[in-house]
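Going line by line, the protein sequences match chains A, B and C. Start counting the first sequence at 0; every next residue gets the next number (numbering that gives the first Met the number 0). Start counting the second sequence at 0; every next residue gets the next number (numbering that gives the first Met the number 0). Start counting the third sequence at 0; every next residue gets the next number (numbering that gives the first Met the number 0).
The set of hints was computed from the structure by calculation and includes no laboratory data. Idealized CB from N, CA, C, for every residue including glycine. Check before you lean on any hint, since a few could be wrong.
Label-pair restraints from in silico Cβ distances [to be verified]:
1. C:E24 / A:D16: 36 to 46 Å
2. B:L153 / C:K91: 51 to 61 Å
3. A:E121 / C:N146: 27 to 37 Å
4. C:S491 / B:A145: 56 to 66 Å
5. C:K423 / A:A30: 34 to 44 Å
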Amino acid sequence: MSGHEFQSFFPDSGGVDMTDTSTNIDATTLAEMRQLASRYPEARSALLPMLHLVQSVDGRISPAGIEACADILGITTAQVSGVATFYTMYRRRPGGKHHIGVCTTALCAVMGGDALLEQVSEKLGIGPDETTPDGKFSLERLECNAACDFAPVMMVNWEFMDNMTPEKAQQLIDDLAADKEVSSTRGAKITSWREAERVLAGFSDGRADEGPSAGEASLLGKKIADEKGWAAPKGGKA
Amino acid sequence: MADKLTPVLSANWGTENSWKIAPYKKGGGYKALAKALKMTPDEVTGVVKDSGLRGRGGAGFPTGMKWSFVPKDNPNPKYLVVNGDESEPGTCKDMPLLLASPHTLIEGMIIASYAINCHTAFVYIRGEVLHVHRRMQAAVAEAYQAGYLGKNILGSGFDLDIIVHAGAGAYICGEETALLDSLEGRRGQPRLRPPFPAVAGLYASPTVINNVESISSVPSIINHGPSWFTSMGTEKSAGFTLYSLSGHVKNPGQFEAPLGITLRELLELAGGIREGHELKFWTPGGSSTPILTPDHLDIPLDYEGMAGAGTMLGTKALQIFDETTSVVRTTLRWAEFYKHESCGKCTPCREGNWWMVQMLRDFEAGKAADGDVDKLLDVASNVGGKSFCALADGAVACVTSAIRHFRSEFEAGYTTPAWELFPYERSALFAVPAKDVKEGVHA
Amino acid sequence: MSVVTKPDQAPAPVETVTLTIDGIEVTVPKGTLAIRAAETIGIAIPRFCDHPLLDPQGACRQCMVEIPDAGNGRGFPKPQASCTIEVAPGMKIQTQRTSEVAAKAQRGMLELLLINHPLDCPICDKGGECPLQNQAMSNGGGASRYNGVKRTYPKPVPISAQILLDRERCVLCARCTRFSEQIAGDPFIALVERGALQQVGRYADEPYDSYFSGNVVQICPVGALTSAAYRFQSRPFDLVSTDATCEHCAAGCQLRIDHRHGVVRRRLAGEAPAINEEWNCDKGRFAFVSGRGEDRLRTPLVRENGELRAASWPEAIDAAVAGLAAAGKKVGVLTGGRLTLEDSYGYAKFTRAVLGTNNIDFRARPVAEGEAAFLVHQVAGRTLGEGLTYTDLENAKNVFLVGFEPEEESPIVFLRLRKAVRKKGQSVTAVAPLLSAGNAKLKATLVPTLPGAEAEAVAGLKLAAGDVILVGERAALAPGALSAVVEAAEGSGARFAWVPRRAGDRGAIEAGCLPSLLPGARPVTDVAARVDVATAWGIESLPPLEGLEAPAMLAAAADGDLAALVIAGVELSDFADAQLARAAVEKVGFVVSLESRRSEVTEAADVVFPVALLEEHSGTFWNWEHRPGRVNTVIKQVNAPMTDLRVLAALADALGTPLGFRTAAQALAEFTELGTWDQPIKPEVASRTRGHAPKKAKAAAGDAVKLATWRMLLDGGRGQDGEEALAATAKPTVARLSPAQAAAVGVDTGDSVVVTSPAGWYELAVEVTESMVDGAVWVPTNSPGTPIGELGVVHGDDVVLSVGGAQ
Ligand SMILES: Cc1cc2nc3c(=O)[nH]c(=O)nc-3n(C[C@H](O)[C@H](O)[C@H](O)COP(=O)(O)O)c2cc1C
Ligand code: SF4
Ligand code: FES
């Protein structure tokens with residue numbers, strides 16, 4: 000079977016977790032939310048970034064986060080909840096410090112993604128959409144992450160971990176668990192999921208210059224062309 | 000005849016710090032902008048029209064024509080929205096472009112905005128690609144500093160702001176009207192058309208939506224002219240494009256070539272199918288484009304060629320599967336993708352994918368009932384062509400094309416699990432203990 | 000009277016489109032949707048999400064048709080959703096009747112809709128009137144090919160105290176969410192989750208408390224939304240339906256009332272495109288059980304040795320007649336705003352012809368001098384179309400609200416304005432002390448106005464011909480406000496309408512329940528008018544002097560200047576000064592009460608006659624547009640309860656001057672025969688002074704501010720008694736203060752504040768309200784436990800504020 004358990008009963012669906020009302024949202028966060036709202040011709044456009052910001056502060060979409068967004072944008076909490084529950088990047092329960100994703104859409108699955116997910120899941124002792132008790136890792140089964148020429152693909156805090164193998168996955172988890180320095184194959188040094196969410200909210204972390212310009216696979220065609228002396232007509236480079 | 004490979008967009012991806020403005024300018028960047036700003040907006044649109052550039056987001060709609068649909072007499076502001084959602088399974092060309100050369104897109108955006116009289120442009124990038132956001136955010140900041148964005152760009156009197164916007168995980172937001180709803184802070188569900196975005200798009204104002212690659216192709220067209228562009232590719236599929244090879248090929252990667260190259264040629268460049276294996280099936284442009292087989296190796300990979308083969312060029316995401324692969328398994332995985340990504344708005348997509356996934360699981364487990372292939376086809380026929388947007392058509396395409404080419408494999412699902420017919424560990428790129436396959440994830 | 004000429008209404012020629020549907024040629028207005036073009040020739044295309052009053056959604060895909068020719072010679076390659084396709088000239092459409100492609104698409108869609116639908120029709124409230132069930136029966140396959148697992152959720156979850164949601168049954172048509180967002184402007188429910196898990200949801204801490212929430216139960220095409228009130232009450236096919244007009248407010252909603260075994264089980268919005276379209280408010284839908292309580296009166300009561308005791312009808316009539324005869328002409332009649340036109344006419348005739356006085360007033364609410372003149376000159380005698388209509392409201396470019404809160408005081412007016420704001424860009428301006436939530440949904444501009452200063456604010460409005468002013472009954476309390484409205488309209492060519500609150504108000508004026516007006520808008524002081532009526536009634540003469548207005552009657556009764564009161568359904572705390580009203584019924588000597596339930600009045604009365612509930616009645620309500628709406632007897636009983644008219648007729652007989660009718664039909668016939676007075680009433684500008692001096696608060700107790708107040712739609716009104724789920728959706732009782740005022744008093748949101756008048760005080764929770772004017776406090780007029788009448792102050796009076804909690 001595919002490994003997706005076919006779930007048909009959804010007792011907890013429909014909204015965020017209201018049992019945990021804790022929040023770290025403070026005046027600074029609210030000011031940043033307002034700043035996001037002011038970036039757009041119409042404030043509501045900032046809702047997705049604002050929810051990313053909520054995650055960076057509260058580690059999940061918190062009730063307080065929903066209420067703050069509704070309040071600032073002048074929409075109802077039901078409307079915010081409708082948006083927050085639509086997108087898969089928004090979490091209902093606290094994510095780990097590091098959010099591990101394993102792609103298991105057809106191509107990655109076939110090429111080893113299924114086995115990787117199994118391995119990582121066993122190693123962390125958690126299934127997809129769960130977080131380790133120490134709060135260090137959360138795991139997610141990913142749909143295609145636009146890196147198929149680097150399959151099988153994993154993501155850590157939404158940074159590419161290309162061309163994964165069981166050995167590399169093992170090492171990756173061990174290093175992260177030991178707080179060793181880990182870098183994305185096509186990105187920056189790994190920090191944390193929350194810091195990633197802050198960048199996605201639109202607050203730069205100034206680390207754009209880390210990592211290579213492109214991975215090997217991305218450069219393959221250009222490399223062959225160079226070798227063969229192929230180019231677009233008349234020095235077609237723009 | 001142009002060369003076999005024609006790197007234009009990818010030409011600078013290997014240069015040091017290629018994502019920064021200085022190397023980009025050194026390589027000739029922002030010259031097209033200066034040139035375009037000396038033309039009239041209509042002239043710019045005219046050049047793009049004449050080039051025959053067609054949208055690289057999948058549908059292949061002529062880009063210049065799309066720009067010309069923006070009504071000039073509409074008093075509302077005009078918007079340009081660049082579609083960087085890139086979530087179609089197999090598709091992986093826009094992300095490397097944005098990582099390596101965000102300024103190509105920014106230059107294209109400024110030119111396009113100038114052509115349609117837009118003063119606020121957006122790049123909507125899927126959320127799950129952190130470094131792409133960093134590069135894009137930084138590049139926009141650099142462009143402001145250099146005076147390419149903001150007020151009175153290069154003294155032309157033209158103003159433009161660019162907003163980099165992160166999605167939050169939803170394939171449907173690649174569909175242009177769902178993208179607009181998402182960008183307005185709503186659930187990303189497609190809108191009724193008409194009105195078309197060109198008339199009433201973002202904030203009900205005239206809006207042009209183009210793919211990252213489409214807009215990134217514009218600076219080179221402005222620099223070198225339409226006939227340069229049409230000297231590559233075929234009559235109706237002009238120019239160069241990024242082909243993405245992935246899967247069971249020796250060297251997967253990006254290949255920028257004139258439209259009309261064949262998979263046989265590309266496979267050759269990629270070193271062929273992985274050692275000791277042979278091609279079984281492939282997608283020409285992502286999972287939504289009906290699959291093809293080795294019989295189709297020599298058909299030109301352009302809009303017409305693929306249409307002629309009963310499929311679509313799509314995003315030119317060539318996913319290659321060798322003979323170890325179970326078609327039933329990949330079809331199920333795609334179906335699960337569509338079930339996961341269906342926005343839920345319309346009945347056929349929401350319910351049809353729920354149903355098809357369950358049927359395909361039976362096929363995979365060897366538990367399907369006699370006659371279920373025809374039932375699956377009939378259910379698919381009640382979904383395809385009936386849905387609100389094209390997502391469900393893609394979902395159906397991968398099912399029906401798989402059955403068309405590999406019916407007997409599905410029929411085998413009446414009795415035998417797919418993992419017995421095609422032991423899954425054989426498809427992986429690395430050694431997977433067979434036991435895992437049976438008892439672990441797959442059992 | 001200002002004769003209002005309507006703006007040129009020559010209908011613009013409608014551009015039409017001719018096409019063929021199933022081979023039948025049809026011509027429809029341009030822009031018509033295919034599904035509706037088909038309806039015009041009797042072709043029904045199945046549908047779920049389509050609703051003519053909601054924006055097209057195209058979500059359920061049930062309405063697929065084939066379009067072999069789009070009108071340009073080319074067809075659509077795929078079947079199309081007919082609810083989202085606009086017709087085009089020359090278009091050819093083939094529905095399920097003639098196209099196998101369309102038929103298969105529809106069959107397939109139904110099968111898909113059913114794969115996750117529970118098989119619980121036998122216990123579903125909708126079973127028997129369910130579009131999905133009907134479709135499945137008429138067009139569905141005999142058996143499902145689906146043998147997978149069904150999606151399941153926990154069974155019904157409350158989305159408000161009144162509305163329950165069963166997600167398993169939902170077909171995700173989004174009618175409910177679209178209604179809430181587009182029509183009511185209360186998007187407290189939304190689609191949540193994605194894909195197969197998409198569902199209707201609310202935020203856990205913000206229930207779906209909308210005044211219009213019941214409509215979603217009605218438009219849900221399956222049994223996913225049900226009401227606490229009607230759940231498991233009946234099977235639709237066991238119900239008997241009766242058309243009716245709502246008795247709660249002056250909107251005039253057409254309703255369908257369903258009863259079973261002599262008990263009303265539910266009420267639905269009727270279809271009345273010109274009035275309530277297809278909507279109603281939750282009060283109209285759910286507040287109908289108040290007559291079922293222990294306090295229902297079943298027998299006449301007479302007072303004996305200071306105690307009320309049950310009595311026979313003849314006994315009670317004798318007692319009433321004795322008391323009334325003894326009082327002679329020193330009697331007053333208070334009829335309230337809840338009577339049908341016919342009942343009001345009965346009281347008017349009884350008062351004037353039988354009792355021989357003009358002391359009759361329907362206004363069981365604060366009354367100011369000058370209001371009557373306004374009603375006489377600007378309201379009475381108008382017929383439908385002479386004044387403004389709902390359609391006029393919808394078409395107006397600018398609407399001004401004076402002393403009127405549409406959502407609270409006339410919710411269907413609110414919906415129509417909202418429609419115009421949303422679809423036609425109407426602009427709304429409110430002359431009010433604060434921008435209410437309802438007016439915010441109308442995107443209204445606030446002209447911040449201190450209570451009592453409305454006249455000045457109206458004079459400052461920029462009005463133009465074609466603009467509309469809606470003025471509420473509360474405006475009368477602001478000195479000069481009514482005349483300011485009249486002057487502003489006359490000066491600009493704008494038009495205005497008076498929108499009273501209660502269903503019977505408009506009819507009462509016409510029927511003759513104002514002390515200065517005989518039936519048919521005849522001035523009491525006009526000899527010819529009196530002769531006209533006296534002749535019709537076959538009596539010698541009518542009393543020539545204007546009678547006492549309600550406050551004067553109460554004062555006279557309390558002072559012993561009146562000897563008896565006849566009171567229909569009236570609550571004492573509704574008057575401006577509840578204590579005065581109480582003194583009146585206690586001191587007047589003799590009180591006859593016609594009521595269906597025990598009340599403060601019946602407790603103080605000497606004779607009580609039990610009268611029929613509205614559902615046991617027939618008659619007519621006139622809405623604010625002056626449009627008659629039928630009230631039909633819903634519960635027909637073998638021994639029908641006595642109506643007000645039959646009691647009055649019996650009393651009249653016994654008093655020696657027969658009333659001349661005993662039934663509503665006879666009363667209406669006589670009233671109609673009498674007709675409306677056709678002599679012009681001399682225009683008169685309303686007085687600029689009020690009937691009572693503004694009350695000065697006791698000094699030094701705290702900050703003296705102006706009282707701003709209006710009634711909430713859901714409040715302590717007795718007509719809402721017994722429906723607890725409805726009451727739970729009411730807005731909380733708060734006192735609103737501007738930030739500056741709150742700071743001056745030293746309170747903040749969540750604190751409590753004491754509002755004191757010379758007569759007493761209430762302690763209320765504070766809600767600091769940005770838009771509120773300084774120098775005032777807003778409180779609801781009649782919320783449970785805090786009727787403002789008990790404080791003896793009205794809108795515009797002074798009250799004193801102090802910090803609560805410590806007292
Ligand atoms: C389900 C679905 C997903 C899509 N995803 C993308 C996407 O990720 N990126 C993209 O550019 N276009 C995507 N498209 C196509 C867009 O709707 C649109 O045609 C395109 O962005 C237009 O740009 P172009 O003309 O430059 O190709 C998608 C379409 C559908 C129906
Ligand atoms: S609850 Fe009813 S009205 Fe609302 S979406 Fe579901 S089926 Fe439609
Ligand atoms: S009625 Fe047409 S799609 Fe629902």
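Structure-based check of each hint:
Between E24 of chain C and D16 of chain A the beta carbon distance is about 59 Å. The supplied range of 36 to 46 Å is therefore violated. Remark: the range hint 51 to 61 Å for L153 of chain B to K91 of chain C is upheld by a beta-carbon distance near 54 Å. The given range of 27 to 37 Å is respected by E121 of chain A and N146 of chain C, whose C-beta atoms sit roughly 34 Å from each other. In this structure, S491 of chain C and A145 of chain B meet the distance hint of 56 to 66 Å, their C-beta atoms being roughly 57 Å apart.
Roughly 39 Å separates the CB atoms of K423 of chain C and A30 of chain A, a value that falls within the hinted 34 to 44 Å.
In this structure, only the earlier hint numbered 1 is contradicted, and the remaining ones agree with it.
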